[in-house]
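Novice: Whenever a hint applies, use it, and build me the whole structure from the sequences.
2 protein chains.
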Amino acid sequence: VTDGGQTAGRDLVQVLSAALQAGVRAVQLREKTLDTRDLCRLTERLLPSIRAAGARLLINDRADVALALHADGVHLTRRSLPPAEARRLLGPDRLIGVSCHSVADVADAAAGGADFVVFGPVYETPSKLRYGPPVGLDSLRRARALCPLPLLAIGGITADRVAAVMEAGADGVAAISAVLSAADPAAAAGALLSAVAAGRRDH
Amino acid sequence: VTDGGQTAGRDLVQVLSAALQAGVRAVQLREKTLDTRDLCRLTERLLPSIRAAGARLLINDRADVALALHADGVHLTRRSLPPAEARRLLGPDRLIGVSCHSVADVADAAAGGADFVVFGPVYETPSKLRYGPPVGLDSLRRARALCPLPLLAIGGITADRVAAVMEAGADGVAAISAVLSAADPAAAAGALLSAVAAGRRDH
Chain A
1 VTDGGQTAGR DLVQVLSAAL QAGVRAVQLR EKTLDTRDLC RLTERLLPSI
51 RAAGARLLIN DRADVALALH ADGVHLTRRS LPPAEARRLL GPDRLIGVSC
101 HSVADVADAA AGGADFVVFG PVYETPSKLR YGPPVGLDSL RRARALCPLP
151 LLAIGGITAD RVAAVMEAGA DGVAAISAVL SAADPAAAAG ALLSAVAAGR
201 RDH
Chain B
1 VTDGGQTAGR DLVQVLSAAL QAGVRAVQLR EKTLDTRDLC RLTERLLPSI
51 RAAGARLLIN DRADVALALH ADGVHLTRRS LPPAEARRLL GPDRLIGVSC
101 HSVADVADAA AGGADFVVFG PVYETPSKLR YGPPVGLDSL RRARALCPLP
151 LLAIGGITAD RVAAVMEAGA DGVAAISAVL SAADPAAAAG ALLSAVAAGR
201 RDH
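Protein chains in written order, with the numbering used here: chain A, 1 to 203; chain B, 1 to 203.
Hint data in this document are derived by calculation from the structure and do not stem from the laboratory.
Hints may contain errors.
[Stated by the list, open to error] Sample of chain A residues at the chain B side, in silico, Cβ under 7 Å: (1) GLU31; (2) LEU34; (3) ASP35; (4) ARG37; (5) LEU42; (6) ASP61; (7) ALA68; (8) HIS70; (9) ARG79; (10) SER80; (11) GLU85; (12) GLY91; (13) LEU95.
[Stated by the list, open to error] Heads up, simulated SDA-like pairs for lysine to any residue below, C-alpha to C-alpha not over 25 Å straight-line: (14) A/LYS32 to B/GLU31; (15) B/LYS32 to B/GLU44; (16) B/LYS32 to A/GLU31; (17) B/LYS32 to A/ARG51; (18) A/LYS32 to B/TYR131; (19) B/LYS32 to A/ALA186; (20) B/LYS32 to B/ASP72.
Even for Gly, the Cβ is constructed at its ideal location relative to N, Cα and C.
Specialist: Here's what the structure looks like:
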């Protein structure tokens, strides 16, 4: 999940390209300070790295940008288009991810036609003021129990916490600063991915 | 053109409904401080008044919201999707308006498949810091000369200035505060519309 303000001054596309080469499967482009035209330009710059990696690109909130630039889908929050409306615009094949912060959110996302859920923040994060207090592992377990969709954990996920969120039922993890702010984004992404692979073997 | 911050505390939908009943033909919903969900809700609240008046509703910048809510089109700026991309998403029937601030902008808008142009600010406005210095009547005349599309003048247009912008070639006018901030928005819209009608008879 991107935030161009967290790359320690490095070019976002270069940082993401390194992470994609390390195996990251999907990028959610989430750049709220960009106007629409600049978001389109950034999407165009990023797409070759996405395609070269066989990964997916989801645009935060903007179904029109996703459609115009042939991205793979959108990521929605409670402040976005309702998932059912986004599905009508995007058609059956593009991906719709939904941010969920509570067990009730997860039920809504599943009913609204989302393809997957990003649940959190599980742990404290530097962005916690924006996303609210951590929901914790117990809440993740309860969300998992009623969520029929793939569920990714987000929020303070470091490689040494991946085992715990996988044990609680996450299918994978999402990260912002853990990758974007890392001195070596490829190594940071690789460590998360290895921990996820290990978690899948164990659960 | 809306700005919910300029209604002197009155409900935007009520102010617009009064203006629509006075004969306003189109509303551009331009509410940059709203998130997408709230923009959708506002659009839903406004649409009955639009339909009752036989008017059109264009959504600023958001082709996805226009499509999801069945609005009549979008309004674009240099910071939005390029007009050709918006046309591809919206299809041939929905309207695409483009804000132009120079003669060069007008040429681009026409080439990009826009349906009409909003040109200005012609005069000084309270919003001038946001839109740049006034372009003036001479620039309006030059834009008119090379613009094959309907062209509306915006920016400081009061009823007593309508004759001058129509004489310079505008097909009509657009307003923000002149209607939204008026003590009697219906009367303010009516005065502009009467002046436009008179200008059409004269030119």
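Novice: The structure should be examined with respect to each hint, and the outcome stated for every one.
Specialist: Results of checking the hints against the structure:
1. Against a cut-off of 7 Å between C-beta atoms, the interface hint on A/GLU31 is violated, since the closest Cβ of chain B lies about 14 Å away.
2. With a least beta-carbon distance of about 9 Å to chain B, the hint placing A/LEU34 at the interface is violated under the 7 Å criterion.
3. Residue-level restraint check for A/ASP35 holds (minimum Cβ-Cβ distance to chain B is 4 Å; threshold 7 Å).
4. Hint on A/ARG37 holds. Least Cβ distance to chain B is approximately 5 Å, under the 7 Å limit.
5. Interface restraint check for A/LEU42: the shortest CB-CB distance to chain B comes to about 13 Å, outside 7 Å, so the restraint is violated.
6. The criterion of a C-beta within 7 Å of any C-beta in chain B is met by A/ASP61, whose closest approach is roughly 6 Å, and the hint holds.
7. Hint status for A/ALA68: holds, given a least beta-carbon distance of 4 Å to chain B, under 7 Å.
8. Hint status for A/HIS70: violated, given a least beta-carbon distance of 11 Å to chain B, over 7 Å.
9. The beta carbon of A/ARG79 comes within 4 Å of a beta carbon in chain B, closer than 7 Å, and the hint placing it at the interface holds.
10. This hint holds: A/SER80 has a C-beta 5 Å from the nearest C-beta of chain B, less than the 7 Å allowed.
11. Annotation: A/GLU85 was flagged as interfacial toward chain B, and the flag holds, the nearest CB pair being 4 Å apart, inside 7 Å.
12. Interface restraint check for A/GLY91: the shortest CB-CB distance to chain B comes to about 12 Å, outside 7 Å, so the restraint is violated.
13. The interface hint given for A/LEU95 is violated, since its Cβ lies 15 Å from the closest Cβ of chain B, which is over the 7 Å cut-off.
14. As the CA atoms of A/LYS32 and B/GLU31 are separated by approximately 16 Å, the hinted pair is consistent with the 25 Å bound.
15. Among the hinted pairs, B/LYS32 with B/GLU44 is consistent with the structure: their alpha-carbon atoms are about 17 Å apart, no more than 25 Å.
16. About 16 Å separates the Cα atoms of B/LYS32 and A/GLU31, which keeps this hinted pair within 25 Å; it holds.
17. For the hint linking B/LYS32 to A/ARG51, the alpha-carbon distance of about 33 Å lies beyond 25 Å, and the restraint is violated.
18. Taking the CA atoms of A/LYS32 and B/TYR131, the gap is about 21 Å. The hint holds against a cut of 25 Å.
19. Simply put, B/LYS32 and A/ALA186 have alpha-carbon atoms about 36 Å apart, too far for the 25 Å limit, and the pair is violated.
20. Of the pairs offered as hints, the one joining B/LYS32 and B/ASP72 holds, with about 19 Å between alpha carbons and a cut-off of 25 Å not exceeded.
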